[in-house]
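> Sequences are here, hints too, so could you generate the full structure?
Counting from 1, one number per residue, gives the positions in the sequence shown under this note's numbering.
No wet-lab data here; the hints were simulated from the structure.
Glycine included, every Cβ here is placed at the ideal spot set by N, Cα and C.
Possibly wrong hints are sitting among the right ones.
Derived Cβ-Cβ restraints for the label pairs, each shown as a range [to be verified]: (1) Q51 / A93: 20 to 26 Å; (2) G168 / S116: 22 to 28 Å; (3) G131 / G168: 45 to 51 Å; (4) G157 / A124: 40 to 46 Å.
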Amino acid sequence: MTSDAHDLGDAVLIVGAGLAALFLALKLSPRPAVVIAPRAPGEAASSAWAQGGVAAALGVDDAPELHVADTIAAGDGLVDARVARRLAEDGPARVRDLADLGTPFDRDADGRFSLSLEAAHSRARVARVKGDLAGRAIMEIMAGAASAAGHVEIRTGLRMAGLVHGDGGVAGVLARTADGRLIELRASETVLAVGGVGGLFDVTTNPPGARGVGMAAAARAGAVIADPEFVQFHPTA
Numbered sequence: 001m002t003s004d005a006h007d008l009g010d011a012v013l014i015v016g017a018g019l020a021a022l023f024l025a026l027k028l029s030p031r032p033a034v035v036i037a038p039r040a041p042g043e044a045a046s047s048a049w050a051q052g053g054v055a056a057a058l059g060v061d062d063a064p065e066l067h068v069a070d071t072i073a074a075g076d077g078l079v080d081a082r083v084a085r086r087l088a089e090d091g092p093a094r095v096r097d098l099a100d101l102g103t104p105f106d107r108d109a110d111g112r113f114s115l116s117l118e119a120a121h122s123r124a125r126v127a128r129v130k131g132d133l134a135g136r137a138i139m140e141i142m143a144g145a146a147s148a149a150g151h152v153e154i155r156t157g158l159r160m161a162g163l164v165h166g167d168g169g170v171a172g173v174l175a176r177t178a179d180g181r182l183i184e185l186r187a188s189e190t191v192l193a194v195g196g197v198g199g200l201f202d203v204t205t206n207p208p209g210a211r212g213v214g215m216a217a218a219a220r221a222g223a224v225i226a227d228p229e230f231v232q233f234h235p236t237a
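Here it is in structure tokens:
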């Protein structure tokens with residue numbers, strides 16, 4: 001079967017239309033981004049199913065260092081401290097980014113984030129939306145913002161079939177259209193943001209489309225895969 005080739009020029013090609021993909025696309029401004037996915041933004045995203053909220057050191061009695069310490073203690077020897085530190089330090093600013101985009105996080109009477117205390121956290125640091133609706137609310141905001149952004153082009157009805165290899169590395173994506181045709185999308189930079197592997201399991205609380213296709217494609221291209229054994233299962237499953 002032959003494929004049509006399309007050169008995206010300077011645009012960053014992003015595979016997936018969930019939270020990671022759309023947030024990246026927005027942050028790339030003013031550089032153009034092309035987002036491809038089988039369905040409309042957010043429709044098949046794991047983040048839309050997420051309940052609870054977003055944990056970050058947002059309280060007046062909190063700090064990223066405390067968040068790092070709690071994470072390392074809870075991980076019981078399994079935590080990469082460098083990664084935990086980066087997430088904890090960047091977390092508050094990223095939550096504020098989401099709020100600036102319009103995510104209606106719960107607030108107290110003074111307008112500050114209304115934070116809850118959960119699990120192994122030593123401080124209240126979980127930002128919520130109407131209790132347990134954070135995931136869906138964030139995805140609705142992100143989908144709307146990405147669709148309205150002038151530098152973002154969203155192409156739906158495309159499913160990644162493989163990576164295109166060029167001189168020195170990945171040169172784009174081979175995608176299958178809804179009618180079965182193969183097209184080649186060439187880009188100088190390609191980002192895989194296609195979710196996890198929960199859908200591979202018979203019982204899961206993740207979308208069934210989360211089948212690890214991005215991880216598999218990256219591995220075939222020579223990427224080193226870290227910690228693939230960590231798969232989240234919610235007790236309700």
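> For which of the previously enumerated hints does the structure constitute a violation, in increasing order of number?
2
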